[in-house]
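Let the sequences and hints guide you as you build the complete structure.
Protein chains: 4
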Amino acid sequence: MNFDEIRYEAYKANMALKSNGLVIATFGNASAADHNRRVFAIKPSGVPYEELSPENMVIVDFDGKVIEGELRPSSDTLTHAVLYTEWEGIGGVVHTHSTYATAWAQSQKDVPILGTTHADHLVVDIPCAPVMSDEMIAGDYERMTGYQITQSLAERNLDPKDVEMILVSNHAPFTWGATVSKAVYNSIICEEISKMAFITRQINPDAQKLKEGLINKHYERKHGPNSYYGQD
Amino acid sequence: MNFDEIRYEAYKANMALKSNGLVIATFGNASAADHNRRVFAIKPSGVPYEELSPENMVIVDFDGKVIEGELRPSSDTLTHAVLYTEWEGIGGVVHTHSTYATAWAQSQKDVPILGTTHADHLVVDIPCAPVMSDEMIAGDYERMTGYQITQSLAERNLDPKDVEMILVSNHAPFTWGATVSKAVYNSIICEEISKMAFITRQINPDAQKLKEGLINKHYERKHGPNSYYGQD
Amino acid sequence: MNFDEIRYEAYKANMALKSNGLVIATFGNASAADHNRRVFAIKPSGVPYEELSPENMVIVDFDGKVIEGELRPSSDTLTHAVLYTEWEGIGGVVHTHSTYATAWAQSQKDVPILGTTHADHLVVDIPCAPVMSDEMIAGDYERMTGYQITQSLAERNLDPKDVEMILVSNHAPFTWGATVSKAVYNSIICEEISKMAFITRQINPDAQKLKEGLINKHYERKHGPNSYYGQD
Amino acid sequence: MNFDEIRYEAYKANMALKSNGLVIATFGNASAADHNRRVFAIKPSGVPYEELSPENMVIVDFDGKVIEGELRPSSDTLTHAVLYTEWEGIGGVVHTHSTYATAWAQSQKDVPILGTTHADHLVVDIPCAPVMSDEMIAGDYERMTGYQITQSLAERNLDPKDVEMILVSNHAPFTWGATVSKAVYNSIICEEISKMAFITRQINPDAQKLKEGLINKHYERKHGPNSYYGQD
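For the record, the sequence lines run as chains A, B, C and D. Here the first sequence stands for residues 1 to 232, numbered as in the numbering used here. Here the second sequence stands for residues 1001 to 1232, numbered as in the numbering used here. Here the third sequence stands for residues 2001 to 2232, numbered as in the numbering used here. Here the fourth sequence stands for residues 3001 to 3232, numbered as in the numbering used here.
Calculated directly from the structure, the hints in this document are not laboratory data. All of these numbers come straight from a predicted model, not from anything done at the bench. For each residue, glycine too, the CB sits at the ideal point set by N, CA and C. Mixed in with the good hints, there may be bad ones.
[Claimed, not checked] Capping the alpha-carbon separation at 20 angstroms, the derived lysine to any residue pairs in SDA-like fashion look like this: (1) Lys-2065/C x Gly-1230/B; (2) Lys-2211/C x Pro-3130/D; (3) Lys-2209/C x Asp-3134/D; (4) Lys-3182/D x Phe-27/A; (5) Lys-2222/C x Tyr-3049/D; (6) Lys-1209/B x Val-2131/C; (7) Lys-3222/D x Tyr-49/A; (8) Lys-3217/D x Ser-75/A; (9) Lys-2217/C x Asp-3140/D; (10) Lys-2217/C x Gly-3046/D; (11) Lys-182/A x Glu-1051/B; (12) Lys-3222/D x Thr-26/A; (13) Lys-2217/C x Ala-3138/D.
[Said to hold, decoys possible] Ranges between beta-carbon positions, derived for each pair: (14) Asp-3063/D x Asp-134/A: 42 to 52 angstroms; (15) Gly-2046/C x Leu-158/A: 51 to 61 angstroms; (16) Tyr-3008/D x Gln-1208/B: 50 to 60 angstroms; (17) Glu-3155/D x Gly-2046/C: 55 to 65 angstroms.
What follows is the structure, given as structure tokens:
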């Protein structure tokens, strides 16, 4: 019984963060989970992207304990662990400090749904979770960041299968998906939507949100029983 | 009788969208038409750019029915079909969600004609078509998007041979031209003009539109009987 | 007697505009002059950068008449011709529509001298020449653009050896220098200074201009009898 | 006894400024010090990055006197010399005119600490040293720039081991570190934090600084006795 598959998935995903311009230096981390075995493969902490390989991905269980690997896992490992524990259908998690999404997080504002580019991916504003309380920060910080994410979604009655991205106030975006490759895709989209929303509001501070009919139409094109986008 | 030529033209055009940074992920689509046979070749839906080939372009007739091809055509196919049906001289159509042009579309504002870069290509603001009515959205949405474009031009008394680009409110830009390669060129120009207009209005919110004399002069340099730009 | 040297210089300069991201499509043109023979080599009109070669540069005299070359010279040729005629020490001229410099030109505003990056190159704001009169536009437009540039500098008592760049209102930047390679360098600097000034004024609309002492100090480091920058 | 090691370190660092997009033309310079021998290797003045080699780095002592090398050292050499003299633990210094950090310097404003990306690296705003007095500018300018930096840090009671970056008003950023490679890293971070802060304040002019608890938590993750980021 080995972990080669999730190691390779996690490796590919971390490298894609770099090649898509979502991370600089050693920022960011991606993980790929195996829910049956309740483990995930994640980037080692502080290692430059050029030195990553499938072999140096770290295998961690859903409590955050290292199962296999020589290196220390990402310092954000416990945040990933919480998302996998709380949400059954999630196969991958990505965290970046991509420029525009992070700026919205620093602004403590949801990214408003202003166009169909946004609606093709989610039908609500990209939520910005509130600043964490001093108690959450002082304690088990990374684990609490995970709960801040799951609770923020729950409070807004959002399903993590419908909304696959969130900003954490004063921090940065987290994304997820059925696979880690989908989670990487969501990070790319989150950054692009954030950039477009920034420019839109600079051009027109009063730009209105997308109207209901258009939101639903675009979302249904890509999702649900009558979807007609893509090849399946 | 085969479709190799328009397939190859459409393929090259779609790849150019990617290499010119106008699309991310699977966003965007380009098509090349043969008006004699009333068909066009268009990008398959949801297929990554790296997997495109001349062979997997889909041949569709002007009613939007697939004539040849294994894959499902772009979900925007019916919008292309309407433009080809309504406008005789159009050989190519391109749709992107390029960042700055999309931000203007989300702002629901025409891109004002502020300089000669703009006037070298069109002598009016880049039109932003109004938000579509709930009836148009709920019904045959993509076909209606095509009519929204052709009607918006008609209402402003603009000829699609003079104005080869438009923004659809809350959506994104569409461009066209005598050839699909000209339509791609227009997408590049539309994005650059949109970016320049954004920066200009940030520097000087009261920046005035280009005066009539300069508009006409620059346009005539490139178009019409006394043009003296280029080699023919 | 041949023109190989200026042809090659002009070719290299035009290619450098492309590789430095200052031009898209067929925008922009660079020329290299030989003042003894009163001729210059310039980019042919409307030819894509990938198709340029030293051989297809066009040789034109200082009145704008083609001396040698199969292709039509740049539509901006007469502007270059005026600068060479009016200013003896100028060996190269460059015209681009680079994004940020063009946005300032569209704003009809000088680029304010806000830092030492600017002062290392010129000790005054980058001048923005006024919009041309209807008479100048209607007549010999490109030649008049040249005179608009030389007159604007003269009216401000600026020497083209000290100030090697200008914006033409609603149009775009022109730069020059002792060699065309210096003119290309000035185009790169003009764009970067324009971008920095835009961001500075967005951060702080009241950002003050650089004080006299700092302006002079930085300029003297690179220019004049006591310069101590570079290797000669 | 030779200087090959610091020459190579300095060379690599200067090339990294270019490949990370922090410098254009001949802007910027990096140096690597040997505190035992009280010398440092620095970029030659005004030489294009393509022509740099370990061999043409210039060896200078802590008074700024050239010890070995054919070329004139960077015009900013004396600023580096002061930092090495005043601060014992510093192994490298970097100076760039990177776009966003320079814009903040031109704005004469500290870069506010708005998020954890910033707090991961320093727990205070990036300081912007005041404009230098006319006396400092007129005299030994580059040496005085060094003292402006060390005094500004001292006046704010900041330790150069905790705060490894500063902006000099109307000029640009300087960074340093235990090694020159760390100083380059700090230049990359300084530019990215500056860009994020710019966008944040454009989105929300009232965006609040990061609260104390979060500042400390993120900084302790990477620094100090209980750090748990990276592999050592």
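(request) Could you tell me which of the hints above the structure violates, numbers in ascending order? (result) none
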